[in-house]
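Trainee: Read off the chains here:
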Amino acid sequence: MAQIELPLVADNPKDIEELREEIGPLVHMDLLENLLNHARSRSLWPLTFGLACCAIEMMAAGAARFDLDRIGAGVFRPSARQADVMILAGTISRKMATPIKTLWDQMPSPKWAIAMGGCTIDGGPFKYPGQYAIVEGADKIVPVDVYVPGCPPRPEALFAALFKLEEKIRAGKKFNK
Amino acid sequence: MNSRFEVEQDPKNRDTYYLNMGPQHPSTHGVMRIKLHLDGERIISAEPIIGYGHRAHEKMAENRDYIQFLPNPSRVDYLGGMIYNVGYCQAVERAMDIEVPERAEYIRIICNELNRISSHLLWLGTFLMDLGAFTPFLYAFDDREKILDILDRITGSRLTYCYARFGGVILDIDDIFLDNVSNFCTYFVERLKEYEKLVIGNVIFRERTIGVGIFAPDLVQKYAITGPCLRAMGYAHDVRKDEPYGIYDRFDFDVPTQTEGDCFARTLVRMEEMRQCIRIVEQAVSDMPGGLFLAARVPRRIRPPEGDYYFCVESPRGNFGMYIASDGSDIPFRLKLRTPSFSHISTMPAVMAGTMLADAVAILGSIDIVVPEIDR
Amino acid sequence: MIADKLSLLVLDATEVKYDARGFHVQHTASPNILPQIADAFLSENFHLEMITCQDRRENDNAFRLIYQFNQYGTPQRHVIHADIVPDTAAPSIATIFPAADWYEREIFDMYGVTFDGHPDLKRILMEEDYFGHPLLKDFVDPPNPYRSEDGAS
Chain C
1 MAQIELPLVA DNPKDIEELR EEIGPLVHMD LLENLLNHAR SRSLWPLTFG LACCAIEMMA
61 AGAARFDLDR IGAGVFRPSA RQADVMILAG TISRKMATPI KTLWDQMPSP KWAIAMGGCT
121 IDGGPFKYPG QYAIVEGADK IVPVDVYVPG CPPRPEALFA ALFKLEEKIR AGKKFNK
Chain X
1 MNSRFEVEQD PKNRDTYYLN MGPQHPSTHG VMRIKLHLDG ERIISAEPII GYGHRAHEKM
61 AENRDYIQFL PNPSRVDYLG GMIYNVGYCQ AVERAMDIEV PERAEYIRII CNELNRISSH
121 LLWLGTFLMD LGAFTPFLYA FDDREKILDI LDRITGSRLT YCYARFGGVI LDIDDIFLDN
181 VSNFCTYFVE RLKEYEKLVI GNVIFRERTI GVGIFAPDLV QKYAITGPCL RAMGYAHDVR
241 KDEPYGIYDR FDFDVPTQTE GDCFARTLVR MEEMRQCIRI VEQAVSDMPG GLFLAARVPR
301 RIRPPEGDYY FCVESPRGNF GMYIASDGSD IPFRLKLRTP SFSHISTMPA VMAGTMLADA
361 VAILGSIDIV VPEIDR
Chain D
1 MIADKLSLLV LDATEVKYDA RGFHVQHTAS PNILPQIADA FLSENFHLEM ITCQDRREND
61 NAFRLIYQFN QYGTPQRHVI HADIVPDTAA PSIATIFPAA DWYEREIFDM YGVTFDGHPD
121 LKRILMEEDY FGHPLLKDFV DPPNPYRSED GAS
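Residue numbers (the numbering used here), protein chains in the order written: chain C, 1 to 177; chain X, 1 to 376; chain D, 1 to 153.
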């Protein structure tokens, strides 16, 4: 975040050109980006979307004791078109893989995904020789930003994941997915 | 009042359309899809499409031995995880003829019933949220956390318990646990009255549930309905009473029933059931014997003799059965989980046809489904 | 009485020790008369608790269908075993007990056993265009993009 010093005196048009070259464009978009990222990170709206056991812990995180609203992430949106972050809470079955992809495509950019629980990391407890029904890892379907281990993770772990995601967003990476 | 309409059989001059409810829908409680054929707001037919949460538990059982399958039952139904976990252990114990110490039996009863309350509380919260009330959800989860704290302290997990072992439980309880439990009982009995004031008397709630989603009497036998849905229709059937497993026959409790069979009756039954759970827990706490919590002599290799075994327990949703076919080896030849939600959701075409779209949500919420339990 | 009605239908009936096994009587029946058996149970106020199947092709060259009937109140579990030869159809009892509808679909999905007279026999748990029957003992899941190929279990 470079400080912009606007030229106060502009007697000579040539000087202005030189000055411009020195200080770059007058409007620094990265400041706005920073501001936006800051705002985005403080108001993550998750998609109301539970797959299995972890969904209950996600609900518990949103309920009275843990209260996701404290960090601005408690506004669960039932529609994918209003959501910023998809919390993949639970085992993804192969039958469900296509609908999840559709949901992900319906979400407007910028968007993020949190893989909650062992199943969404690599299949977790349901990965064994002979398994035929699950997707072994959410990253086979959607790009995942934060992984939360646990079976199921405690609500505190989900909080930690959201903090991590906030950090990641504020770090100013471009998320053109 | 809500009453059923007659489905017009002549499709001429009528605009009907299909509406997909799910797989991602807030009130399907997970990933389930219902294909609704609608005429305006009226449901002509409903077809549940399941399998979106299929995790192949049964195949898994055929690939691992009895001990390795221990963590699975609590993930089949994650709301009544303790009951399923204990039920699976009891099934194998009976097949193997393993004696369980008294103390372990009492610990199991306390954990089972606390788990049942927490499941019913979650159901209450989400059911009312489906009907548009957000406050009971916060109330219910607050109380649920209190139960989870108590169970967390001895089992180490909040949701998917793996506490029971063949021949007892893995860790002993202490006096603090018993104190916590009895404190919770005194607290919760008062709290239940508050719930009743908050929910049962509410005009909107009554309008949305009374007379909605009535299970016709002939469905009971044809679809094998069990659990609170059955008791809301006037049958006093409870596995804990009729076919007592563990030591349930030592406790004094009632089986609450209603006769209407609608969403409101199911609510009343579950509310009363929580009160009965507290009664069982209080008796178990006061009678808690000392001694071992895990049988001293448990066979190292779990190999039930060849043959078929069936064991059923009363889960918060109904009659949960485990069918184990053993060929005398370490690994089950076939393990079938008979889950109550599967039976209940298969009645939906018969129950939902002829109701309004908004009632579909109420019906689905009131039968208390857990999707991975349907799909296994 | 159910026992009298069944004695005319089933091949044999064995009393089982309930305390050890969890059910009371085990019957063996020929699959053709399953609808008559179901009718008998329906008229005696029994309900269909579950249907399941075993892949016994290796030893007996058969699929064993297992029907379990019970009644409310005091339990009285009857288990019917009906062996069918692979690639033959079993009669459906879905018109007698609608609960059987989904159980039969599940068995069709998982084992490939077909049922004659079923109103709508299609897959229930897997996708409708799935290729195999996963609970068969010799089922192998072919390599696919949803699998990790690291070989860990």
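Hints may contain errors.
[As the list claims (entries may be wrong)] Below, simulated EDC-like cross-link-like pairs (lysine to aspartate or glutamate); rule was C-alpha separation at most 20 Å, straight line:
id	chain 1	residue 1	chain 2	residue 2
1	D	137	X	62
2	D	137	X	327
3	X	197	X	142
4	C	127	D	19
5	X	222	D	44
6	C	127	X	62
7	X	35	D	129
8	X	241	X	282
9	X	35	D	127
10	D	17	X	306
11	C	101	D	129
12	D	17	X	105
13	C	164	C	145
14	D	17	X	97
15	D	17	X	179
16	X	146	X	179
17	C	140	D	44
18	D	137	X	142
19	X	146	C	67
20	C	127	D	141
21	X	241	D	129
22	X	35	X	15
23	C	140	D	19
24	C	168	C	139
25	C	127	D	138
In case anyone wonders, no lab produced these hints; they're calculated from the structure.
Trainee: Is the Cα-Cα distance between residue 127 of chain C and residue 19 of chain D 20 Å or less?
Mentor: Status violated; Cα separation ~36 Å.
Trainee: Below or equal to 20 Å on CA atoms is what counts here, so check residue 17 of chain D against residue 97 of chain X.
Mentor: Since the Cα atoms of residue 17 of chain D and residue 97 of chain X sit roughly 13 Å apart, the hinted pair holds (cutoff 20 Å).
Trainee: When you check the alpha-carbon spacing of residue 168 of chain C and residue 139 of chain C, does it fall within 20 Å?
Mentor: Cα-Cα ~18 Å, so holds.
Trainee: Would the hint linking residue 17 of chain D and residue 105 of chain X be met if the CA-CA limit is 20 Å?
Mentor: It is violated: about 23 Å lies between the C-alpha atoms, which goes past 20 Å.
Trainee: Under the criterion that the straight-line Cα-Cα distance not exceed 20 Å, is the pair residue 35 of chain X, residue 15 of chain X satisfied?
Mentor: 17 Å, holds
Trainee: Measure nothing beyond the straight line between the CA atoms of residue 137 of chain D and residue 62 of chain X; if it is 20 Å or shorter, mark the hint as holding.
Mentor: Judged against 20 Å, a Cα distance of about 9 Å means the pair holds.
Trainee: Within a Cα-Cα threshold of 20 Å, do residue 241 of chain X and residue 129 of chain D meet the stated pairing?
Mentor: Status violated; Cα separation ~45 Å.
Trainee: For the pair supplied as a hint, residue 101 of chain C and residue 129 of chain D, confirm whether the alpha-carbon distance does not exceed 20 Å.
Mentor: 19 Å, holds
Trainee: Hint check: residue 146 of chain X vs residue 179 of chain X, CA-CA at most 20 Å. Holds or violated?
Mentor: 13 Å, holds
Trainee: Run the distance test for residue 35 of chain X versus residue 129 of chain D: straight-line Cα separation, threshold 20 Å.
Mentor: 18 Å, holds
Trainee: Straight-line Cα separation of residue 17 of chain D and residue 306 of chain X no greater than 20 Å?
Mentor: The given pair, whose Cα atoms are some 14 Å apart, holds under the 20 Å limit.
Trainee: Decide if the proposed pair is consistent with the structure: residue 127 of chain C and residue 141 of chain D, CA atoms, cutoff 20 Å inclusive.
Mentor: Distance ~13 Å between residue 127 of chain C and residue 141 of chain D Cα, so the pair holds.
Of the numbered hints stated above, those contradicted by the structure are hints 4, 12, 15, 17, 18, 21, 23, listed in ascending order.
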